[in-house]
Amino acid sequence: MQRLDYLKETPSQTAGPYVHIGLAPGAAGFDIYERELGWDIAGPNARGERIRVEGVVIDGTGSPIKDVMLEAWQANSDGIHAHPEHPGEVEEGFRGWGRVITDFETGEWGFDTVKPGPVPGRNGTMMAPHINLWIVARGINLGLNTRLYFNDEAEANANDPVLNLIEWERRRQTLIAHRVERDGHALYRFDIKVQGEDETVFFDI
Amino acid sequence: MKPGEFYQRDRRWHPPALDRDYKTSVTRSPHYAPISLENSLSEITGPVFGHGDIDPMDNDLILNYAKPGESPIGERIIVHGRVLDENARPVPNTLVEIWQANAGGRYRHKKDTYLAPIDPNFGGCGRVLTDEDGYYFFRTVKPGAYPWRNWVNDWRPAHIHLSVFGSGFAQRLITQMYFEGDPLIETCPIVNTIPDKAAIGQLIAPLDRNATIPLDSIAYKFDIVLRGRRSTLFENRLEGN
Numbered sequence: 001m002q003r004l005d006y007l008k009e010t011p012s013q014t015a016g017p018y019v020h021i022g023l024a025p026g027a028a029g030f031d032i033y034e035r036e037l038g039w040d041i042a043g044p045n046a047r048g049e050r051i052r053v054e055g056v057v058i059d060g061t062g063s064p065i066k067d068v069m070l071e072a073w074q075a076n077s078d079g080i081h082a083h084p085e086h087p088g089e090v091e092e093g094f095r096g097w098g099r100v101i102t103d104f105e106t107g108e109w110g111f112d113t114v115k116p117g118p119v120p121g122r123n124g125t126m127m128a129p130h131i132n133l134w135i136v137a138r139g140i141n142l143g144l145n146t147r148l149y150f151n152d153e154a155e156a157n158a159n160d161p162v163l164n165l166i167e168w169e170r171r172r173q174t175l176i177a178h179r180v181e182r183d184g185h186a187l188y189r190f191d192i193k194v195q196g197e198d199e200t201v202f203f204d205i
Numbered sequence: 206m207k208p209g210e211f212y213q214r215d216r217r218w219h220p221p222a223l224d225r226d227y228k229t230s231v232t233r234s235p236h237y238a239p240i241s242l243e244n245s246l247s248e249i250t251g252p253v254f255g256h257g258d259i260d261p262m263d264n265d266l267i268l269n270y271a272k273p274g275e276s277p278i279g280e281r282i283i284v285h286g287r288v289l290d291e292n293a294r295p296v297p298n299t300l301v302e303i304w305q306a307n308a309g310g311r312y313r314h315k316k317d318t319y320l321a322p323i324d325p326n327f328g329g330c331g332r333v334l335t336d337e338d339g340y341y342f343f344r345t346v347k348p349g350a351y352p353w354r355n356w357v358n359d360w361r362p363a364h365i366h367l368s369v370f371g372s373g374f375a376q377r378l379i380t381q382m383y384f385e386g387d388p389l390i391e392t393c394p395i396v397n398t399i400p401d402k403a404a405i406g407q408l409i410a411p412l413d414r415n416a417t418i419p420l421d422s423i424a425y426k427f428d429i430v431l432r433g434r435r436s437t438l439f440e441n442r443l444e445g446n
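Heads up: the sequence lines are chains Z and R, in that order. Position one of the first sequence corresponds to residue 1 (the numbering used here), numbered consecutively onward. Position one of the second sequence corresponds to residue 206 (the numbering used here), numbered consecutively onward.
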């Protein structure tokens with residue numbers, strides 16, 4: 001029989017406890033790069049509502065994970081990703097990608113962005129506004145993919161083809177961030193449980 | 206033909222979430238199976254970087270943190286290779302970031318308290334964009350082995366951490382590169398989270414004498430493979446019509 005000549009994907013290894021040295025050296029405690037990447041997700045010219053997202057990543061014992069790093073990937077308020085394969089234009093300076101580091105003492109993290117718009121899904125569907133998240137840390141052997149949805153988008157969420165893939169309706173709730181106002185600004189709370197009761201839904205993408 | 210979805214990730218080639226011999230994974234591994242999600246625009250797209258994002262010196266760890274006229278202690282090495290996809294096509298203009306311990310096995314990190322000293326001339330991180338052939342290189346010093354708290358007497362083999370993007374968020378990957386001939390590789394609980402010996406071999410960089418710079422630096426070759434993509438089958442209705 002002939003052989004298929006595909007290569008195999010390089011296997012993953014944990015990011016370890018010192019991921020900050022490479023990806024956020026300021027958080028590791030030193031200043032080296034002219035520009036650290038990933039601190040400004042939306043940029044100064046982004047249209048739409050300015051929001052903040054905060055949360056904590058919780059392990060199987062119920063404790064916050066203090067050395068986690070998250071990356072966010074999202075569309076702009078028109079539902080366009082800053083990528084050549086997504087037709088449409090984004091505002092100058094809108095990247096839609098960011099890095100999020102936890103506080104080493106509390107495990108709390110947060111980021112500022114704009115609320116994304118709905119994005120075309122597969123087969124003519126429309127996906128509710130969402131932010132893709134990728135989570136790495138010591139003890140996580142392959143980065144975890146999940147999505148954040150917004151609780152003030154109930155109708156769009158009810159029709160979202162990805163949320164509806166989750167057989168257990170109760171588990172869909174783990175992907176919904178909850179809006180509160182703080183000092184007149186929109187804040188969404190999104191806690192992620194990697195293991196245990198109400199474990200967050202992760203996706204094999 | 207429009208490139209489409211990424212090939213399914215072979216989860217048996219990657220380490221499982223839970224491996225009891227790597228103790229930290231026990232409470233940080235999801236119990237439920239991940240939900241399989243066919244790629245949408247949110248997974249096919251991903252951040253794009255350009256030369257305005259980084260400095261040309263960022264890939265030289267011998268110089269990027271050293272005081273003028275000084276350099277870090279350690280074996281001077283070059284790590285070079287290509288970023289390819291599973292179709293063996295180069296992945297151009299993609300961001301590769303690395304971080305590592307110094308030659309004594311100590312990280313420049315406020316949470317690392319290992320007794321080996323910090324090297325005043327070594328930061329321990331670098332980054333570069335691949336060229337049009339997917340090629341990249343770094344200049345650095347070979348990192349040292351160091352002990353870690355897993356079993357009482359565990360030592361990490363010398364390694365360099367790598368982070369790679371590709372063109373879509375579904376290709377995002379973090380891994381570690383090891384060095385040919387290191388006897389600590391075989392017993393490392395983190396290396397051995399990978400079940401397949403051939404997959405482990407994919408993380409071990411061979412000495413590349415042809416790429417050494419005589420009287421200067423020794424070279425190791427490390428190719429990185431990201432998920433490949435279908436060329437067809439997905440163009441229908443991707444944009445929602």
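It should be emphasised that the hints constitute simulated quantities derived from the structure, not laboratory data. Where hints are given, some of them may not hold.
List time: in silico BS3-like cross-link candidates among lysine-lysine, alpha-carbon distance up to 30 Å [said to hold, decoys possible]:
1) Lys66(Z) with Lys315(R)
2) Lys8(Z) with Lys272(R)
3) Lys8(Z) with Lys228(R)
4) Lys272(R) with Lys316(R)
5) Lys193(Z) with Lys228(R)
Simulated restraints on C-beta separations [claimed, not checked]:
6) Arg182(Z) with Lys315(R): 23 to 33 Å
7) Asn159(Z) with Tyr237(R): 20 to 30 Å
8) Gly26(Z) with Asp421(R): 27 to 37 Å
9) Asn159(Z) with Asp215(R): 45 to 55 Å
For glycine and all other residues, C-beta sits at the position ideal for the given N, C-alpha and C.
Okay, the hints, checked on the actual structure:
1. Lys66(Z) with Lys315(R): Cα-Cα ~13 Å, so holds.
2. Lys8(Z) with Lys272(R): 41 Å, violated
3. Lys8(Z) with Lys228(R): 27 Å, holds
4. Lys272(R) with Lys316(R): 24 Å, holds
5. Lys193(Z) with Lys228(R): 18 Å, holds
6. Arg182(Z) with Lys315(R): 23 to 33 Å: For Arg182(Z) and Lys315(R) the Cβ distance comes to about 29 Å; the hint holds.
7. Asn159(Z) with Tyr237(R): 20 to 30 Å: Check passed, 24 Å falls within 20 to 30 Å.
8. Gly26(Z) with Asp421(R): 27 to 37 Å: With a Cβ separation near 32 Å, Gly26(Z) and Asp421(R) satisfy 27 to 37 Å, so the hint holds.
9. Asn159(Z) with Asp215(R): 45 to 55 Å: 33 Å, violated
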